[in-house]
Amino acid sequence: MVRGCTLIPAHTADLLLIHVVCVKTWDVEDLTTIYLVRHGETEGNASNLAQGFSDVPLNDKGRAQAKLVGERLKNWHLNAIYSSDSQRAIQTAEPLLKLRPDFEIETTPDLREKNYGVCENYSWQQLRDEYPELFAKMLDVKTGSDTKFPEGESDREQSDRVAKFTDAVVEKHDDDETILFFGHGGSIRSAAAYLCKFRLEYKWRLQTDNASISAISSAPTWRDDGWRIERWNDTNHLSLAQLDLA
Amino acid sequence: MSTLSRSNVFGTGPNPNRRNIILVRHGETQGNIGDRLQGQFDAPLTDKGVRQAQALSRRLANTDFNAVYASDLQRAVHTAQSILNNRSNIEIQLRPELRELHYGTYENTSWSVVQNEDPTFFKRFIEWETRPSAKYPGGESVTDLWQRVGNFANELLTNHSEEATILIVAHGGSLQALLAQFLALRITDQWHFHFDNTSVSIIKEHPMAPRVWQATLFNDTSHLESFNSHE
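So the sequence lines, in the order shown, correspond to chains C and B.
Heads up: the first sequence runs through residues 43 to 288, numbered per the numbering used here.
Heads up: the second sequence runs through residues 193 to 423, numbered per the numbering used here.
The set of hints was computed from the structure by calculation and includes no laboratory data.
Since the structure is predicted, the reported quantities are computational estimates derived from the model, not experimental observations.
Mixed in with the good hints there might be a few duds.
On the chain B side, residues computed to face chain C include the following (Cβ under 8 Å) [claimed, not checked]:
hint, residue
1, G342
2, D381
3, H386
4, T408
5, N411
6, D412
In this text, a Cβ means the ideal position worked out from N, Cα and C, and glycines have one as well.
The whole structure should be built from the sequences, with the hints applied where relevant.
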């Protein structure tokens, strides 16, 4: 936490005098924050299919979840909104964009889910039955990151494109800005794992539910080396229970 | 290297004995506000810390715990007591293994004191590559912390081999060490996880793989949303 005074030279009639004005700074560091929101539920999620690049829409529950995401985020400090160009991500962003018409959304294929190639929309069972060797390789920590189904992508290839996009976005924005990504389970975890310099396979140790909000922030200080996870998989906006606050 | 054993390949069958662990960092203390090296100095909760713990208690009012463990330092104990709010069927098991890192002769001082008195050691501590082995004079190194917390975790899993929901109330550093070991991360990865006062984090065993853990929630402070103004 950095608290302090900012020197503001004020122009006066006597230009040799510089008036020093103490302005209370905000109680936050030069914090770059990236909020990561996973799209709402789709029929494929409900049946546990590997949707990947398939451009499927939200189902009724997913659309309801998107509204709750919009409500939750409507007053949060934000500087820019990006989204995977998959419609399930864009549809999740739509309620928020309606509530905040001053924002435009920038979409990108770089935030898409992993491409499952010929196995798009397969169930876990189908993957195991039709491609048993690749399936086993995918689950093995030593080979999982580089395994891909025919005409598909590996985790590492997905992660590389997410990393490239994330770097470009961070570069483009000032140190104290807040950015929002609408994405997918895999792409969101890739972004976090990349910025926190985790081994790629660690990303699977963080769960991301539909319409969850996660946050990573960067405040390089002498003690923190770069990015840290501020919150992960927050779905409080989806709960029917009222939180009884002080 | 994590002291918890884990398989590298997902198990072949469902795991009926899934354990859930809820990790809570104690409420605010004076040292937290001033960013001091509190370590094992037994600071009490501030008034705000007490209110934070009460807000957390309301949030967890309907959660049943099979066991509750807390660091034996008062800021953790009082936070745990607040959560349980006089529940009669459960006792808090106090564990010194869950205490914060011991800063030795620098306990209850500040970072600038360390930097001024021993700049070489200070540099070793701030660099992540050398931090694990940097041992505070009269105190511990992060490797020591990792070890004692890992021993506690192994004992926990042995004592609770069946399905259970376990609450652990501890400190930023000890929780980082615990989380990183359950998730089988490297020792340097732990510092990427930032625990706020009274935040809730949940780790669960994978439904298909015993002893493979996932964080299903991390650092949630929604119960404090009326306290914070940044959102």
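Outcome of the hint check:
{"no.": "1", "hint": "G342", "in the structure": "violated (17 Å)"}
{"no.": "2", "hint": "D381", "in the structure": "holds (6 Å)"}
{"no.": "3", "hint": "H386", "in the structure": "holds (5 Å)"}
{"no.": "4", "hint": "T408", "in the structure": "holds (4 Å)"}
{"no.": "5", "hint": "N411", "in the structure": "holds (5 Å)"}
{"no.": "6", "hint": "D412", "in the structure": "holds (6 Å)"}
Hint 1 alone, counting from the list given before, is not met by this structure.
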